Each structure stands twice: as structure tokens, then as C-alpha cells.
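Peer 1: Chains A and B supply the protein sequences, listed in that same order. Just so you know, my numbering puts the end of the first sequence at 338, numbered straight through with nothing missing. Just so you know, my numbering puts the end of the second sequence at 1338, numbered straight through with nothing missing.
The reader is advised that the hints may include incorrect statements.
[Unchecked claim] Straight-line distance between alpha carbons at most 25 Å, and here's what the computed DSS-like set of lysine-lysine pairs gives:
no.: 1; chain 1: B; residue 1: 1017; chain 2: A; residue 2: 245
no.: 2; chain 1: B; residue 1: 1139; chain 2: A; residue 2: 137
no.: 3; chain 1: A; residue 1: 137; chain 2: B; residue 2: 1137
no.: 4; chain 1: B; residue 1: 1271; chain 2: A; residue 2: 139
no.: 5; chain 1: A; residue 1: 106; chain 2: B; residue 2: 1139
no.: 6; chain 1: A; residue 1: 106; chain 2: B; residue 2: 1245
no.: 7; chain 1: A; residue 1: 245; chain 2: A; residue 2: 191
no.: 8; chain 1: A; residue 1: 271; chain 2: B; residue 2: 1137
no.: 9; chain 1: B; residue 1: 1307; chain 2: B; residue 2: 1293
no.: 10; chain 1: B; residue 1: 1293; chain 2: A; residue 2: 17
[Claimed, not checked] Computed, partial: chain A to chain B, Cβ under 7 Å:
no.: 11; residue: 43
no.: 12; residue: 48
no.: 13; residue: 54
no.: 14; residue: 66
no.: 15; residue: 67
no.: 16; residue: 68
no.: 17; residue: 86
no.: 18; residue: 98
no.: 19; residue: 132
no.: 20; residue: 139
no.: 21; residue: 146
no.: 22; residue: 155
no.: 23; residue: 157
no.: 24; residue: 160
no.: 25; residue: 171
[Unchecked claim] Taking CB as the label site, the calculated pair distances span:
no.: 26; chain 1: A; residue 1: 106; chain 2: B; residue 2: 1024; range: 43 to 49 Å
no.: 27; chain 1: B; residue 1: 1292; chain 2: A; residue 2: 37; range: 41 to 47 Å
no.: 28; chain 1: B; residue 1: 1326; chain 2: A; residue 2: 191; range: 44 to 50 Å
no.: 29; chain 1: A; residue 1: 191; chain 2: B; residue 2: 1193; range: 53 to 59 Å
no.: 30; chain 1: A; residue 1: 263; chain 2: B; residue 2: 1020; range: 47 to 53 Å
no.: 31; chain 1: B; residue 1: 1063; chain 2: A; residue 2: 169; range: 30 to 36 Å
no.: 32; chain 1: B; residue 1: 1203; chain 2: A; residue 2: 34; range: 48 to 54 Å
no.: 33; chain 1: B; residue 1: 1104; chain 2: A; residue 2: 108; range: 43 to 49 Å
In case anyone wonders, no lab produced these hints; they're calculated from the structure. As the structure is a prediction and not an experimental result, all values here were calculated from the model. Idealized CB from N, CA, C, for every residue including glycine.
Single-letter residue listing:
Number of protein chains: 2
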Amino acid sequence: MKVNEIGEFELIRLLSKTLSEHYTNNELDTIYSEVVGLGDDAAVWDVPAGHQAFTTDTLVNDVHFDLRFINPVDLGWKSMVASQSDIAAMGFRPLFTTVSLGLSGKEEVDLLKDIYKGVADAASQFGGKVVGGDTVKSKTLFISISMLGYDPSDDSQPNPLKRSTAKTGEVVAVTGSLGSSAGGLRILLDKTGTLPQSQQLIESHTRPRPQIDTGVWLAGHGITCAADISDGLIADLGHICEASKVGAEIKIDALPVDADLKSIFPSDWEKLSLSGGEDYQLVFTGAKESIDKAISSLETPVTIIGKITGDYPEIRVLNSQGTQDSYSSSGFDHFKNK
Amino acid sequence: MKVNEIGEFELIRLLSKTLSEHYTNNELDTIYSEVVGLGDDAAVWDVPAGHQAFTTDTLVNDVHFDLRFINPVDLGWKSMVASQSDIAAMGFRPLFTTVSLGLSGKEEVDLLKDIYKGVADAASQFGGKVVGGDTVKSKTLFISISMLGYDPSDDSQPNPLKRSTAKTGEVVAVTGSLGSSAGGLRILLDKTGTLPQSQQLIESHTRPRPQIDTGVWLAGHGITCAADISDGLIADLGHICEASKVGAEIKIDALPVDADLKSIFPSDWEKLSLSGGEDYQLVFTGAKESIDKAISSLETPVTIIGKITGDYPEIRVLNSQGTQDSYSSSGFDHFKNK
């Protein structure tokens, strides 16, 4: 059954049903009491005094994803995680979400229901209940997610993690492993069938997890500077360097890299871990003692990978052969002609 | 200069500059103090206890607009008004906005700056400061706006206007004039050059105004049921009838219609006023006394056009010849094959 056989109203009804059947997280519903839900001109809720965050991320077919290589449930999940990760990078928690879908009308309804299942799964796991949305006609399929977050701390002063507070001499740390998502994508795209299958790398790509608990912990324990790694380490550390007007120096040997990534991509793992996107880990800076405390306190692995320098806008990468590469913090560009 | 000549980072810098140069409304900045603005993973602000609303609207090139017939400043303005009008339909005021732009990269940078000028103009006039956004690569140009609104009333109980509270016997009223935007569009698209130019109708199409003060007044004066007229009177009154499980009866002779619309479209004005979209007026229901009070108190014209009936899902239209047409409240459908 295709969208243009059932029409917009029936589609919206089915997608709303999918959301309510698959959304199970309601621990926030006692704080943020919903007054008007899906199906009106806007959603309405009670809000206590505090601090909020707001972000948006759009994924476009054939640019950010390819439905031949990702199943629609994973696509819905990943669309949510992109925004949940932005909220995590502020030290906040996801609260409410709107989803806009651009559709030609020729899509299978089941495909869209699957996307919404993934959306509801990610909202159930990490927060960000869907309270509104829009379906519009478009030649190109796209998903645009906007998400509101809240500061779960009791402080009357907000202390969001920012990109602009890195200081020379601080150390640079990251959560989790780097390059795993990019490695997983390469395995999924492998047409020769010669690459070993690493479930760990593939799942890093298809089911990334936003570092929400970690972000909240960091904001509450003296860390002020962080970004999420969505475009790749160099690009996102570059955002910090740009906003803080600092440089950075990192050591390849220090990067946390999955053993599968090294063994499957012996000549490419360095590049994948430096510039592979969609890991949705956090990169953050701070005094050595604060970072050591994070390492010993957090469940998620935290690794020191280098330091902040005064050499704005240079990001130096010391590689394993003792030589060094240098990048500018302006980083990767999606539009510029190469 | 095209987007792919300057790249994403320079584009974002230029668009942020356009926003800050053209945004002048900051009366909210003392209540909702901005902690982190544009340029981080998410925007952050202080929020007092109260009630909020959240909505999203997406406009796609060649579906919702055609850049041959609308100038980009007006396009930016209208993209904002679509969401501001949703917030108005709840009786709330616009607070913060995110803007996602889908771009091929071949667009002129000046075109995008003009779109953002229009966005900033509408935010300055009606609220909804832009605090975040996203630019993504897409074959199809689109603009997706998500907007947060707040309840400006001092009540501890929220009293949003809803679609679901219309009752049999209530009267139906609308603000402003109907069909003007659709009439203005016809004049703009007129290739024969024979239609008289009505500045009033054209401006209704290119510079619609959301009914924010009116929505706030209605919510504070006993009205509980409203929707904005974005898809046309029959479609949006249909949303009320669907959500409230009621029918409606309206009289063509009672519809507020601009004199220019009647004179320029003598055989089509009825159709335009019943089903023309993008007027961004409000349609609302209530007891006769409440509506009469709105008529005498509000600056904006309010007109009674009919009544709510028990004949769900039928919307009866009594036309000037004394005959009647009947519509189902499921209304207009964007996807369904005709």
C-alpha cells in the first residue's frame, strides 16, 4: 500500500498509531504534563522553571542515507539520535520532538511506519517524545527532526556544555570508540563481499547511542566545553577550536579504536577514526584532574587523546610514525566545490 | 556568488549575520534569557514555569512555493507565518524558532540571505527569535521551521485553544477576510495580464499576518475551540469537526470577503473563500454571547459565518441561491491520488 493510495489523513493517523504503540518512556510525563498532544495545530504542555535547549537536524535521501543500505527502522532511530546527541552535547536531556517528513507519495506506507517505529524506539530509550509533525509533498524524501531538551540539574544557574570555553593547556578527551560507524558503513557498502563482518562496527553505524548520561555528568562535574562527534573528530574538535579560538594537538596512538576497525582496515583505520562521521560520541576538554575524575567515575569509556594549544586554528595530529599532519579547524565542508 | 563557491561555514556565518542585523524584537529577552545562542550544538535559555507549545511546518519548492512568483524575502516571511499562525491558533505567542534549509548548493547566496531577511522580519514583528538551524544538501530546495510558543497568561491552569471542544449549537466565527490570499496568488500567476491588480489581495498572499493578539484574547475570554485557516476554510473547519465529532453549517452570504475578490473573481470568489489556503486567519466556535463580545472588543474584524451542528461529519454550505452543498470534514488531501 502506497502513501498516495491512502492519503495524508489516513497516513497521519497510522503514523500517530505507530508512535503511540512503540513509545514506552513516560518518566517525564509527571514533570512535563502534556495538555494537548498530537493532532492539533501545536502540542501544549506544562513546564517548570529551569533551562531548555533547542536543536534541529535534517537527513536527506541520497545525501545522508540510502534506503538500499539502511533499514527504515534504523533510519528513524538514527534521525532521532542526531538530535539527541546535540542535546547530550549541551549536558541536557531530550524532552519533546517534532518530525517533518518530505514524501513523494509513492513510498510504501510500511516503510514510513518502520521509520516511525525507529523514532519511537529511540525516544523510548533516550527521551524526546514526539508531540508534533508535518508530512509534506517533496520529490526528495527527507526527515527533519527538531528537539527540545531540558537541564535535569537542580542548579538555578545553567551550566550547559559549550563549544567556546576550551583553554590552552587543557586536555582533550573523547567517549567510546572513534571511526566505528564509518567502518560499519564501509562493511555495509562492501560490494566485493571480501570484508569480514563485524557486528560491533555495523551496529555502531546502524544503532548509534547518544551520550546523554555522560553529558549530564560532565556538566555537573566541572566540565564546560564539549561537542558531539557527528561529522568526525577533526571536524567537531575543529568546531571547539573555532568557537574557543584555540588550537589542538592529538596523538593517533591515543585514539580509542575498536580492535575490529584496526584489523579489518589496517591501512585506513587512522583516517576513519579521525574523520569518520556519525559516531555520536562526545569530545570535551578540561583540566587533567577533571578528566581523570570522569575516567574513573563514568561507566562509558573516556580516553585522553591530546591537549588544547594556543596555535589557533591549527589541529596537529601526531601519527604513529612520529610525523605530524596539520588541519585547519574550519574542517569539512558539505557544499564547497572541491 | 553561489553557495558551493563559499561553502557551508561561510554560508552559516552570513545567514547568522543577516538574522542578527534584521532581528529587532527583544522584548522577551528579559523573561527568556538566552544562555547559548546560534552556533553551538543547541541553543540554551532560561525558562520560567508556565505552558509551552511546539509546532513545525515545512515548505517545499515547486509544491508550496515557486520562486518565479514569490520574492525570497516574502518566502522567508511566509515560512515563519505558517508556524506563528499555528502558535496563534493555540492562544499562545511565538518564542523561539529553528530553521532547516535544504539546498542543492547551486543557489545564489543573496537568495538565501533574502529568505533569512524575511524570516527575521516576521520574527521581529510577531516573535519567534531564530536560535538554531541546519543547512543540508538536497536536490529539492525546502525550508523547515520549528517553533516553540509560550502561554502569556498568568493563569496557573493552561487554557489553550483546541480543535476538539466545539459543541452543537455553538456559533462559528472567523477573523479577517477569506480567500484573499488565493485571489492574490491568482493575480500573481495571471499570464494573460487581464486581471486587475489588487494590492490588497496580493499582499494578503505575499505578506500574511498571524492572528496572535486575537488568539491570546480568545483564550483569555472563554473561547476554547479554534484552528488557523492555512488549508482553506472547509479543510480547517473540517479539522475542528473531525476532532470534536460535530458537523457545521455555514452561509456563503455571511462570509467576510474582500470587495476586490468579489469584483475580480465574480464567478470564483465563493470557491476561493471556501477553499483558498494561506489566509492564516482563525476559525473558532463558542456561545453566541462570547463571540459577540469578541466582535465588539477586538480590533481585528470578527464575523459569524454559521453554526456547529450534530451532523458529524457533514459541513453544509448554504449558498446565495438558497441551495446547499455538502462536504465531509475529512477535507482536502495532499497525497491521495485523485
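Peer 1: If a hint holds in the structure, say so; if it doesn't, say that too.
Peer 2: Results for each hint:
1. 1017(B) with 245(A): 19 Å, holds
2. 1139(B) with 137(A): Roughly 14 Å between the alpha carbons, so the hint for residue 1139(B) and residue 137(A) holds.
3. 137(A) with 1137(B): Status holds; Cα separation ~18 Å.
4. 1271(B) with 139(A): 29 Å, violated
5. 106(A) with 1139(B): OK: residue 106(A) and residue 1139(B) at ~17 Å, within 25 Å.
6. 106(A) with 1245(B): 31 Å, violated
7. 245(A) with 191(A): With Cα atoms ~43 Å apart, residue 245(A) and residue 191(A) exceed 25 Å; violated.
8. 271(A) with 1137(B): With a Cα-Cα distance of about 24 Å, the restraint between residue 271(A) and residue 1137(B) holds, given a limit of 25 Å.
9. 1307(B) with 1293(B): 17 Å, holds
10. 1293(B) with 17(A): Outside the cut-off at roughly 40 Å; violated.
11. 43: 5 Å, holds
12. 48: 5 Å, holds
13. 54: 5 Å, holds
14. 66: Result: violated, 14 Å to nearest chain B Cβ.
15. 67: With Cβ-Cβ at 15 Å, over 7 Å, it is violated.
16. 68: 17 Å, violated
17. 86: 4 Å, holds
18. 98: 4 Å, holds
19. 132: 6 Å, holds
20. 139: Holds. Min distance 5 Å.
21. 146: 3 Å, holds
22. 155: At about 12 Å, which exceeds the 7 Å cut-off, the nearest Cβ of chain B leaves the hint on residue 155(A) violated.
23. 157: 9 Å, violated
24. 160: 5 Å, holds
25. 171: Since the shortest Cβ distance to chain B is 21 Å, the answer is violated.
26. 106(A) with 1024(B): 43 to 49 Å: With Cβ atoms ~44 Å apart, the hint holds.
27. 1292(B) with 37(A): 41 to 47 Å: 32 Å, violated
28. 1326(B) with 191(A): 44 to 50 Å: 58 Å, violated
29. 191(A) with 1193(B): 53 to 59 Å: For residue 1193(B) against residue 191(A), whose Cβ atoms are near 57 Å apart, the range 53 to 59 Å holds.
30. 263(A) with 1020(B): 47 to 53 Å: 50 Å, holds
31. 1063(B) with 169(A): 30 to 36 Å: 53 Å, violated
32. 1203(B) with 34(A): 48 to 54 Å: Distance hint for residue 1203(B), residue 34(A) is violated at roughly 38 Å.
33. 1104(B) with 108(A): 43 to 49 Å: 27 Å, violated
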